[in-house]
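Could you build all of it, start to finish, from the sequences and the hints given here?
What follows is the residue order along each chain.
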Amino acid sequence: MLAFTIRRLGQSVFVLVVMAFIVFIGVYAIGNPVELLVNPQADAAERARATAAMGLDKPLAEQFLAFLAGAVRGDLGRSFVFNVPAIQLIMDRLPATLELAAVAMVIAIVIGIPLGLIAGLKPHSVAGRSIMAGSILGFSLPTFWVGLVLIMVFSVQLGWLPPNGRGETVMLLGVPVSFLTADGLAHLAMPAINLALFKLSLLIRLTRAGTREALLQDYVKFARAKGLSSRRVIGVHVLKNILIPIVTVIGLELGSVIAFAIVTESIFAWPGTGKLLIDSINQLDRPVIVAYLLVIVTIFIAVNFLVDLVYSLLDPRVRLGQAAAAH
Amino acid sequence: MLRMLRFAAAAVVAFAVPFAAAKDREVSIGLQSPVTSMDPHYHNLSPNNSLLLHVYEPLILRDANMKFKPGLAASWRAIDDLTWEFKLRRNVKFHDGTPFTADDVVATYKRVPGVPNSPSSYATFVKQIVETKVVDPYTIIFKTAQPHVLLPSDLAAVYIVPKAVAEKATTEDFNSGKAAIGTGPYKFAEFVHNNRIVLKANYGYWGGEEPWDRITFKILSNSAARVAALLSGDVQMIETVPTSDIAKISADKNFSVADKVSNRVIYVHLNQWKAESAPFVTDKDGKPLAKNPFRDARVRKALSIAINRDAIAERIMEKRAIPAGQLLADSFFGTSRKLKPPKYDPEGAKKLLAEAGYPNGFAITIHGTNNRYINDDKIAQAIAQFYSRAGIQAKVETMPSSVYFNKATAGDFGYMLLGWGTESGEQGSAMRSLLATRDPDKGMGVNNRGRYSNPTFDKQLTDALFTMDEKKREGMLQQAAETVMNDTGLIAIHFEVSTWATAKGLKYTPRTDQYTLATDLKPTK
Numbered sequence: 001m002l003a004f005t006i007r008r009l010g011q012s013v014f015v016l017v018v019m020a021f022i023v024f025i026g027v028y029a030i031g032n033p034v035e036l037l038v039n040p041q042a043d044a045a046e047r048a049r050a051t052a053a054m055g056l057d058k059p060l061a062e063q064f065l066a067f068l069a070g071a072v073r074g075d076l077g078r079s080f081v082f083n084v085p086a087i088q089l090i091m092d093r094l095p096a097t098l099e100l101a102a103v104a105m106v107i108a109i110v111i112g113i114p115l116g117l118i119a120g121l122k123p124h125s126v127a128g129r130s131i132m133a134g135s136i137l138g139f140s141l142p143t144f145w146v147g148l149v150l151i152m153v154f155s156v157q158l159g160w161l162p163p164n165g166r167g168e169t170v171m172l173l174g175v176p177v178s179f180l181t182a183d184g185l186a187h188l189a190m191p192a193i194n195l196a197l198f199k200l201s202l203l204i205r206l207t208r209a210g211t212r213e214a215l216l217q218d219y220v221k222f223a224r225a226k227g228l229s230s231r232r233v234i235g236v237h238v239l240k241n242i243l244i245p246i247v248t249v250i251g252l253e254l255g256s257v258i259a260f261a262i263v264t265e266s267i268f269a270w271p272g273t274g275k276l277l278i279d280s281i282n283q284l285d286r287p288v289i290v291a292y293l294l295v296i297v298t299i300f301i302a303v304n305f306l307v308d309l310v311y312s313l314l315d316p317r318v319r320l321g322q323a324a325a326a327h
Numbered sequence: 001m002l003r004m005l006r007f008a009a010a011a012v013v014a015f016a017v018p019f020a021a022a023k024d025r026e027v028s029i030g031l032q033s034p035v036t037s038m039d040p041h042y043h044n045l046s047p048n049n050s051l052l053l054h055v056y057e058p059l060i061l062r063d064a065n066m067k068f069k070p071g072l073a074a075s076w077r078a079i080d081d082l083t084w085e086f087k088l089r090r091n092v093k094f095h096d097g098t099p100f101t102a103d104d105v106v107a108t109y110k111r112v113p114g115v116p117n118s119p120s121s122y123a124t125f126v127k128q129i130v131e132t133k134v135v136d137p138y139t140i141i142f143k144t145a146q147p148h149v150l151l152p153s154d155l156a157a158v159y160i161v162p163k164a165v166a167e168k169a170t171t172e173d174f175n176s177g178k179a180a181i182g183t184g185p186y187k188f189a190e191f192v193h194n195n196r197i198v199l200k201a202n203y204g205y206w207g208g209e210e211p212w213d214r215i216t217f218k219i220l221s222n223s224a225a226r227v228a229a230l231l232s233g234d235v236q237m238i239e240t241v242p243t244s245d246i247a248k249i250s251a252d253k254n255f256s257v258a259d260k261v262s263n264r265v266i267y268v269h270l271n272q273w274k275a276e277s278a279p280f281v282t283d284k285d286g287k288p289l290a291k292n293p294f295r296d297a298r299v300r301k302a303l304s305i306a307i308n309r310d311a312i313a314e315r316i317m318e319k320r321a322i323p324a325g326q327l328l329a330d331s332f333f334g335t336s337r338k339l340k341p342p343k344y345d346p347e348g349a350k351k352l353l354a355e356a357g358y359p360n361g362f363a364i365t366i367h368g369t370n371n372r373y374i375n376d377d378k379i380a381q382a383i384a385q386f387y388s389r390a391g392i393q394a395k396v397e398t399m400p401s402s403v404y405f406n407k408a409t410a411g412d413f414g415y416m417l418l419g420w421g422t423e424s425g426e427q428g429s430a431m432r433s434l435l436a437t438r439d440p441d442k443g444m445g446v447n448n449r450g451r452y453s454n455p456t457f458d459k460q461l462t463d464a465l466f467t468m469d470e471k472k473r474e475g476m477l478q479q480a481a482e483t484v485m486n487d488t489g490l491i492a493i494h495f496e497v498s499t500w501a502t503a504k505g506l507k508y509t510p511r512t513d514q515y516t517l518a519t520d521l522k523p524t525k
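As they're listed, the protein sequences go chains X and W.
Each residue of the first sequence is one higher than the one before, starting from 1 at the first, in this note's numbering.
Each residue of the second sequence is one higher than the one before, starting from 1 at the first, in this note's numbering.
Calculated directly from the structure, the hints in this document are not laboratory data.
Certain hints may be false.
On the chain W side, residues computed to face chain X include the following (Cβ under 8 Å) [stated by the list, open to error]: (1) Pro34; (2) Ser37; (3) Asn44; (4) Pro119; (5) Thr171; (6) Val192; (7) Asn195; (8) Asn222; (9) Ala225; (10) Ala229; (11) Asp234; (12) Ser402; (13) Val403; (14) Asn406; (15) Thr409; (16) Ser433.
Glycine included, every Cβ here is placed at the ideal spot set by N, Cα and C.
What follows is the structure, given as structure tokens:
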């Protein structure tokens with residue numbers, strides 16, 4: 001277990017450095033932020049001053065090394081646009097994004113897995129067919145369109161829910177969260193549902209396929225033959241066995257929901273990191289882009305690590321690396 | 001139980017009444033572009049300058065048509081070609097109660113060039129001042145090294161902060177609100193990066209009482225979300241209504257749309273860097289031409305009259321654009337009434353091309369942005385179609401501005417679609433930046449991405465820029481504009497019209513500088 005963790009850590013640091021390097025090259029290749037940031041009326045001297053202020057007058061390799069040296073000390077640079085530490089800009093927004101992603105995933109799991117089970121157990125019933133038809137809609141409707149329709153119906157026509165922004169927050173363990181206040185929940189509902197829709201459909205389909213496959217397995221038939229209640233057959237024999245692919249997908253999707261909730265965040269003006277990333281890319285605000293991707297990659301790595309742990313809990317045959325097996 | 005209910009109802013009423021009353025003097029406004037800082041000297045960017053004008057003020061303000069009006073300076077005059085005298089307004093107090101005097105102006109102008117990490121500095125606006133003399137607390141004299149007619153315009157861009165703040169405060173101090181102290185009609189309440197800015201009324205404002213106690217500006221960059229916020233009542237006003245929604249919102253009796261021609265012109269630069277060739281310009285078989293056709297005034301004129309500006313304004317811009325024949329609309333200083341938008345004439349264009357030696361036309365690629373100006377990619381497409389009617393084969397390539405501007409500046413494109421907002425509000429500075437022969441050290445032709453060069457025009461322009469007499473200068477600028485536009489130094493397409501939509505019961509007085517100011521938003525009743 002320890003060796004596994006250490007090896008994972010080593011790999012992660014390597015991934016982070018490579019990623020930072022690629023982003024550096026990439027942003028450099030796109031263009032020069034000075035061209036976008038400096039006022040167009042500025043003369044040559046002012047351009048030179050702005051270039052120097054952002055450290056862009058130095059060779060790229062030197063800029064990268066300076067960044068690495070800073071990163072080791074925990075300093076990921078200052079935003080070109082806002083002149084605040086990039087990491088602070090991200091950390092101010094990360095709670096909002098994490099909250100939105102978590103609520104969306106909870107919605108997807110709590111609704112998706114039961115619906116998928118129903119559709120898998122009774123594929124030819126009206127319920128089963130309706131669930132599948134619904135999941136196709138969830139898959140195929142574009143997120144931005146669904147978001148706008150939600151706003152049009154629930155904010156503009158009915159006036160039930162606020163159309164944008166994050167509601168009132170309270171501190172929970174030092175982190176501002178909004179799901180504990182009524183105002184916060186009202187603001188959270190539409191973006192969370194909007195973001196959950198695709199994942200929900202995915203989980204329905206995955207659970208259904210797994211269920212249908214598991215039902216044909218010998219151990220399920222044997223369990224039924226043994227006279228176990230249908231609740232126990234489904235709850236233990238079917239569900240537990242189909243959970244591994246589902247956990248994998250949930251892990252991957254959680255990462256992507258955190259990193260790429262951009263569309264939902266911009267439609268609902270949710271003050272999260274996705275919107276920050278898009279704006280930073282448009283303005284070539286390199287410190288923020290790099291810092292953001294580093295944070296996201298770290299989250300991905302952490303989520304994957306957790307997924308591996310969950311595997312070993314779900315399936316006793318899965319071992320975390322050889323060292324763990326040797327114990 | 002009943003008592004509890006009654007109590008609850010009473011509590012609701014008790015809370016609801018003052019809340020509702022306060023609500024009446026509160027307003028929320030949806031902005032398109034983020035404000036990057038509360039520091040008035042950090043980032044010279046239109047959305048910043050617009051929002052910060054609620055909190056801070058310059059010596060000279062501008063009215064809705066960008067004409068000067070007294071701000072913190074009660075009056076000003078040029079004593080001679082190199083000396084300006086400013087008389088400051090008396091009895092003005094900063095938000096922290098300290099009185100405003102000449103020392104604050106001096107300290108502010110001293111701070112401006114040295115703001116650390118500024119991505120776009122305000123230093124350009126004060127660097128012409130070589131000497132400052134405080135005569136008394138309300139009289140200040142500036143000396144410039146050379147005649148600088150744009151000094152009032154420059155100083156209208158620099159917002160004054162108290163001396164104590166100017167000497168010590170960092171950009172962070174402004175963002176946190178600690179140093180966000182000005183003389184403006186509203187005070188800082190809250191600033192959340194790329195999310196919202198909240199201001200509250202400054203009841204002691206020298207200019208009299210404002211209609212709002214509290215204003216919330218929300219950053220709603222996505223245009224559909226901005227419209228939805230207006231329709232649902234979440235905000236009472238939005239800026240930059242998407243062209244496709246204007247008709248719908250204007251027709252709704254619960255909303256009204258205000259619009260005004262802006263100081264932004266959409267135009268085309270033609271690459272004239274080299275005499276022998278221009279990038280992406282070939283004959284129709286893709287072979288290089290003998291020489292750069294854009295250096296021929298007849299070709300430039302043909303490319304100009306082959307564009308149907310009325311059709312672009314009417315159909316693509318849904319009438320929210322005004323066809324252009326120069327760099328600013330007629331109402332601005334230094335524009336010539338003689339310069340009408342060129343008439344659409346594809347046959348005339350063909351004839352001019354034949355005269356210039358291209359009877360079969362040639363092939364170009366139109367390069368433009370797709371996320372910078374209103375409908376920029378559609379305009380590029382339309383121009384390409386008009387050109388095919390005039391015998392010019394045009395391809396279109398559009399890209400995000402983060403990619404586009406570097407390449408355009410480097411001279412990588414042949415036919416460049418661009419936009420320019422003239423912040424000084426006078427045509428001289430636009431011509432100086434876009435059309436003067438390039439000499440960046442002198443500030444000439446800094447954005448002349450086409451490298452157009454015309455010595456006659458340069459002479460006329462330079463003479464005008466150093467003429468202090470307003471009337472005389474206006475005539476000289478008009479003459480320079482006529483010279484350069486008749487030579488098609490660039491192809492002006494149209495002036496963008498800015499739009500605002502307000503909820504019922506509110507009236508917005510629109511501005512040409514594209515600023516969105518709550519001070520111009522009033523209840524109708």
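Hints, one by one, checked against the model:
Because the closest C-beta pair between Pro34 (chain W) and chain X is about 7 Å apart, less than 8 Å, the hint holds. Nearest Cβ of chain X to the Cβ of Ser37 (chain W): about 7 Å, under the 8 Å cut. The hint holds. Hint status for Asn44 (chain W) relative to chain X: holds, with the closest Cβ pair at about 4 Å, below 8 Å. The closest approach between the C-beta of Pro119 (chain W) and any C-beta of chain X is roughly 4 Å, which is under the 8 Å cut-off, so the hint is satisfied.
Taking 8 Å as the C-beta contact cut-off toward chain X, the hint placing Thr171 (chain W) at the interface holds, the least distance being around 5 Å. The beta carbon of Val192 (chain W) comes within 7 Å of a beta carbon in chain X, closer than 8 Å, and the hint placing it at the interface holds. Proximity of Asn195 (chain W) to chain X holds as hinted, the smallest CB-CB distance being about 4 Å (cut-off 8 Å). Interface hint at Asn222 (chain W): satisfied, since its Cβ lies 4 Å from the closest Cβ of chain X, which is below the 8 Å cut-off.
Hint status for Ala225 (chain W): holds, given a least beta-carbon distance of 5 Å to chain X, under 8 Å. Hint status for Ala229 (chain W) relative to chain X: holds, with the closest Cβ pair at about 5 Å, below 8 Å. Against a cut-off of 8 Å between C-beta atoms, the interface hint on Asp234 (chain W) holds, since the closest Cβ of chain X lies about 5 Å away. A hinted interface residue such as Ser402 (chain W) counts as satisfied when its beta carbon comes closer than 8 Å to some beta carbon of chain X; here the least separation is about 5 Å, so the hint holds.
Taken as an interface hint, Val403 (chain W) checks out: its beta carbon lies about 6 Å from the nearest beta carbon of chain X, inside 8 Å. Among the interface hints, the one on Asn406 (chain W) holds; its C-beta lies about 4 Å from the nearest C-beta in chain X, closer than the 8 Å criterion. Evaluation of the Thr409 (chain W) hint against chain X yields a held restraint, the C-beta minimum of about 6 Å falling below 8 Å. The interface hint given for Ser433 (chain W) is met, as the beta carbon of that residue sits about 6 Å from the closest beta carbon of chain X, less than 8 Å.
When the structure is compared with the earlier hints, no violation turns up for any of them.
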